[in-house]
Each structure stands twice: as C-alpha cells, then as structure tokens.
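Visitor: Construct the entire structure; sequences and hints are all you get.
2 protein chains.
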Amino acid sequence: MIQQNEIVIDALELSSWDREFVHLLKKGGVTCVHACCGLWENARETLRKIGEWHRFFHENDDLVMQVFQGSDILKAKQAGKIGVILGTQNTSSLEDELSLVSVFNQLGIKVMQLTYNNQNLVGSSCYEEKDSGLSRFGKLVIQEMNRVGMIVDLSHVGEQTSLDAIAVSERPVAITHANPSWIYPTKRNKSAEVLQALKENGGVLGVCAYPHLVNGKNTTLEEFCSMIIQTVDFMGIDQVGLGTDLTLNMSTDFLHWMRMGRWTHDMDYGAGSKENPSWPEWPSWFQTPKDFPNIAEGLIQQGMSGEDAAKVMGGNWLRFFTEGFKEDGQK
Amino acid sequence: MIQQNEIVIDALELSSWDREFVHLLKKGGVTCVHACCGLWENARETLRKIGEWHRFFHENDDLVMQVFQGSDILKAKQAGKIGVILGTQNTSSLEDELSLVSVFNQLGIKVMQLTYNNQNLVGSSCYEEKDSGLSRFGKLVIQEMNRVGMIVDLSHVGEQTSLDAIAVSERPVAITHANPSWIYPTKRNKSAEVLQALKENGGVLGVCAYPHLVNGKNTTLEEFCSMIIQTVDFMGIDQVGLGTDLTLNMSTDFLHWMRMGRWTHDMDYGAGSKENPSWPEWPSWFQTPKDFPNIAEGLIQQGMSGEDAAKVMGGNWLRFFTEGFKEDGQK
Chain A
1 MIQQNEIVID ALELSSWDRE FVHLLKKGGV TCVHACCGLW ENARETLRKI
51 GEWHRFFHEN DDLVMQVFQG SDILKAKQAG KIGVILGTQN TSSLEDELSL
101 VSVFNQLGIK VMQLTYNNQN LVGSSCYEEK DSGLSRFGKL VIQEMNRVGM
151 IVDLSHVGEQ TSLDAIAVSE RPVAITHANP SWIYPTKRNK SAEVLQALKE
201 NGGVLGVCAY PHLVNGKNTT LEEFCSMIIQ TVDFMGIDQV GLGTDLTLNM
251 STDFLHWMRM GRWTHDMDYG AGSKENPSWP EWPSWFQTPK DFPNIAEGLI
301 QQGMSGEDAA KVMGGNWLRF FTEGFKEDGQ K
Chain B
1001 MIQQNEIVID ALELSSWDRE FVHLLKKGGV TCVHACCGLW ENARETLRKI
1051 GEWHRFFHEN DDLVMQVFQG SDILKAKQAG KIGVILGTQN TSSLEDELSL
1101 VSVFNQLGIK VMQLTYNNQN LVGSSCYEEK DSGLSRFGKL VIQEMNRVGM
1151 IVDLSHVGEQ TSLDAIAVSE RPVAITHANP SWIYPTKRNK SAEVLQALKE
1201 NGGVLGVCAY PHLVNGKNTT LEEFCSMIIQ TVDFMGIDQV GLGTDLTLNM
1251 STDFLHWMRM GRWTHDMDYG AGSKENPSWP EWPSWFQTPK DFPNIAEGLI
1301 QQGMSGEDAA KVMGGNWLRF FTEGFKEDGQ K
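Just so you know, the sequences run in chain order A and B.
Quick note on the numbering used here: the first sequence kicks off at 1 and runs consecutively.
Quick note on the numbering used here: the second sequence kicks off at 1001 and runs consecutively.
Bear in mind the hints are in silico, worked out from the structure with no lab data behind them.
Some hints could be false.
[Unchecked claim] Reference listing, derived: stretches of chain B covered by chain A, where coverage requires no fewer than 3 residues with Cβ under 8 Å from a Cβ of chain A:
{"id": "1", "segment": "1110-1116"}
{"id": "2", "segment": "1266-1278"}
[To be verified] Just a sample of chain B residues kept apart from chain A, beta carbon distances all over 10 Å, derived:
{"id": "3", "residue": "Gln1078"}
{"id": "4", "residue": "Ser1135"}
{"id": "5", "residue": "Gly1306"}
Quick caveat, the model's predicted, so the values are computed rather than measured.
Don't be surprised by glycine CBs; every beta carbon is placed ideally from N, CA and C.
Guide: Following this line, the structure appears as structure tokens:
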C-alpha cells in the first residue's frame, strides 16, 4: 500500500480535468501531476491554454494548485491539494523566438518536450524517417531552458536529437513518458543507447502505461511491474518514475488533433495503428487515477522494497523536479 | 534636494532603455519607473515585447529588477537598482480573451491602460469624437484586473469611459500621466469631473511633463510646479504623483508607430499637431532622468514642505502600487 506520507507523482497526463477527475487523483493518493498544456499550439494558442488553466486553478483552488518549484509540490501535499505542473509536449509555443523560453517559464510551463511527433525548428521526432539531430536553434533553446530552470523532455523526440540534447544539456533532462524499446519495441519507446545516456546525464525516465507503448489493454499488472523492475535494473533505483500518459475523458476530436494537428489532412495513427485507430482501452488495473496504489502494490508483490517503490512512485520525480525547477527561475 | 532615503517613482516613461539611460535614472535619484511595454500590440506581439524586457533584465541585472509587488520597489532601492514596473498603454494584448488578464498579470504587466488613442473592445479614447463608455467586455476586464491586482490606467481614456471605469472598479485606479485640463486644455488632459471621481475613488494622478500636455519646451519649472501645487489643492496631497511620459532616445519610426499603429495610412499627430509634428523638445529643466531633483527643488521653492514633496515625488505611488499590486496576484 502507498503510505499516507508518500509522494506520488505522475510525470505526464493528458486527461480532461474537472473536479471529478481531481477527486479520482486524490483517491489514488496522487500528490502531483505534470499536465499537458499543448501539443501543436503556437505562442498565441498556448496563451489561451494557459488562460484556461488559470481559470481552472481559480475556480478549483480548494482542490488544485499550480507548481512552479519543487517546494510547491510539498505545499500542495500539506494543503491536501493536487499539485499541477504545466508543460507542453512541443516547442511550437516558442515559434522562432529564443526569448519566449523565459516568458513561458514565467507562466509556469516548467517542462517542454523538444519535439512532438514531427520535425520542428528544434530537432526531430521518433516518427520521422530521418533525424539529423538538434538544430542550431535547438542548442540555444536547451541552453536557455537550462538557465531558467525549465525541464527538457525527450519522450517523443527522435534518437539522434535525444542523444544530441543530452550531450548539450548542462542539467539533467527527463523522459517523462516512455519505456525501454528492448522490452516493448515501438518507435515511441527508447533505445538502450538513449537510456544509457540519460542515466549518465542524471535524468529520470517515467515508465508509461499508455496501452500502445506496452502490450495493450491485456498487459497485466505483473507484466507492467516486471517492466518497471527491469528498467530499474538498467537505470538504477533513483532514475525511474511514472509517466502514465493517462488520457481520461478525451474526445475523438481531441484524438485527431493530438495525432494530426493541422500538419496533415490524412489520418495519422500516432502510437496507434490502422487496426487500432481509437483511443486505446486501458488495462483493468489502471482505469482511472484512483488505481495508482495497484502499481505500488504490484511492485512490492514482485519483491521491491517499500523504500524503492516510494522512489518509483514519486520520490525520484520530487527530487528531480526540485533540483530542476530553479527557485529563482521566474526571471 | 531629494533626500538619499526618498522614494522617487515615475509612473510612465516611454524611453529607450539601455545602461546609459539607467545610469541617468540613478543620477536623478529615481527608485522605480513604470515603463511602457506596448501601445498597439496584440497578444503575440506583447509576448515579444516582454521577451525583450526579460533579456534586458537578465543582461543588466546588476542595474535593474522587475517589480511585481510593492515590496519589490523597496528591494530595488535597497539593492541600488532601478525597479521597473511593466505596463501596456492599451488592452490590445488581451484581444477578446478575458483569461489573458491573469496571464499578462503573471508576466508582470501590472498596469494596463484601458484604451490607447482609439476606441477598442473595452471602451473609448480621449481622441474619439464620441465615447459611449465602457463596453460589456470592458466591465469584465476591470473586474478581472481588480481580482488579480493589475492597475487600471485611464490616462488616454475618453471622458465617459473613464467615469464608467471608476464607477465599476472596486479598487482605486490610476491616471499615470495626464494633467488637469482646466490648467492645460488638451484632449489628453483630464476634466474636473474625471479628477473629482478619481479623488473619490482613492486613485492617484501622475502629473505629466510631456511638452504637448503643458506649454511646450518653454514651460518653466515654476509654471510646472505651480501646476502640481494647484493639482494637489484639488486632489489632496496623497493623490498626486509624477508621470513624466519621458521619451528619450526614441526614433521617428517609433513616433509614427506610437501615433499611427497600423490603424491609419495617413499622418496622425496624437498629442502633437501639424505645426509641431516631431518628437517634442523638452524644457531645459527636464532633459534627462537626472533632472528629477529639479522638480523636488521647484516644489520646495514654491513653499511645499519636504514631506509633501516626498509624497508627490514617489511616496504616493509607492503606497498606491503596494496596495494595488496584490502580493498573491500572480495566480
């Protein structure tokens, strides 16, 4: 069981937030969630998304609070609220403007994935045929993210761009939601080479329950926890966390926006496939955020110590985010 | 003389900021300036302006610091830096989106003039022939500014919109840079009715040295200080400050942008005229920010007490901004 005083952090969720969803997070013992605040949005559109989150925070300030620095995660827990870290799964909000890194950091976009599913001004994605690595602009973006305390996320980023980004970054980076590709071979999962580089960089990998990145809805809890333990064996106990990629209450319209943005007029299946084109069905042991304790129990049933399970459930992300988000970063 | 421990606040400057300009402010004993960060800019363009300011703050952090709350003004003084309050002379950055009030507040846009020189989504300007007052959206914008601790500025705003805004605002508002129109009759200066409403609202008026709003470059220091004293007689000693509207080192291109934006293809003279179309020449006693002590001395020479002069030079704005910018406003 997750202890009352434990920290549980989910390093990526794409769910539709309402009060009922927040109550499910509380039932699941969740302390803090990194919530996706943008996929393909440009600067102006990202302002709108942030404005919508401001409204959500204001109207639900008895239940949630925005996290700007590590200490806010603990403040949220003490206040009995869910801490929300905003991030974008793309650098599209920056357009071609380096100064917007600090502007969006000031707005609390504390995590930015360098690319979503396509090549962009910064680098290339895991779905492009070729990946020529980090661009000139991309290097400067990472330096600026390092300076202001915004986390570099490589989850959907291509192999070469990921390796380049880890080499350029002077601070630990994150892969908030992906799995080792030697366990579940998909384009979205990560090679041993990238994960070795992440390990040496001091970064953290969030293992992902998104059905298309494991064995679909039939993935058992034992299988998922076995994957976590194998990942810990590779990365070390301090560098693995959770990033479920949970997508609760999301519409088909949103699915199409998520996959196709406005860059294609034809169907693109993202992590799905022609045979499996819809929102995936989730395994029985992870239907809603109230099911987080199942993962902790699964780890312990496979012999992981309570202390180690607590690191995976949230302790590692707490340390990583506390060090990564500079306290004076909002400048 | 301005005492070493005195607070000097200029409630509006449009100057081009560089290190030399900051040194002139320091020589003039200035503590804090409300700097114009936008005239006609939309949301995206305002992000660019804020990004440029971020860069200026970062590259000159030995000399300047951004002010988010009243206590920052005192911190700046203690650190020997110039405090900079960012504001926009328009609500154009909000476009039609109420949530952007809190977004720009979080970015430190702590003062927003409801309209610049033209009618907009919020209300009307002092240069429009007719002013039907505050719009439906305008009322909501003021309520939201009240909520987050952003100051409503009425300097260029039309008569009816100003009266409506003061009636709607639950918090004191500002006229950061204008003079009584019964002393200097121009469209930009303010009627007794508006200033009486401002007085009753608890707001502050920043008297303005912009040559077109007084008697041009030949305005004497005695005349300017006499105007301040008459204004104090009307408003009370606690509700008058400075808002020089100083425009140092600004280009003709910027003058045209300031006056014509992209709303006209023909010359518009703003506060100037066909006979006087350029940047105005400033009086000999106020050529640069190092000349602020001249104003304090002028007030004292006309019999104002040192204590009262200190209120006009900055004490009143310090109190007003400290109360107006909520400490927890960045939410």
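Visitor: For the segment 1110-1116 of chain B, do three or more residues have a beta carbon lying closer than 8 Å to a beta carbon of chain A?
Guide: Contact hint for the segment 1110-1116 of chain B vs chain A: violated, 0 residues under 8 Å.
Visitor: Can you confirm whether chain A covers the segment 1266-1278 of chain B, using C-beta to C-beta distances below 8 Å and requiring at least three such residues?
Guide: Not satisfied, violated; 0 residues make the cut.
Visitor: Would the non-interface assignment of Ser1135 (chain B) survive a Cβ cutoff of 10 Å against chain A?
Guide: holds (19 Å)
Visitor: Confirm or reject the statement that Gln1078 (chain B) sits farther than 10 Å, beta carbon to beta carbon, from all of chain A.
Guide: holds (17 Å)
Visitor: Can we confirm that no CB of chain A comes within 10 Å of the CB of Gly1306 (chain B)?
Guide: Per Cβ check, Gly1306 (chain B) is outside 10 Å of chain A; nearest 36 Å; holds.
The structure shown violates the earlier hints numbered 1, 2.
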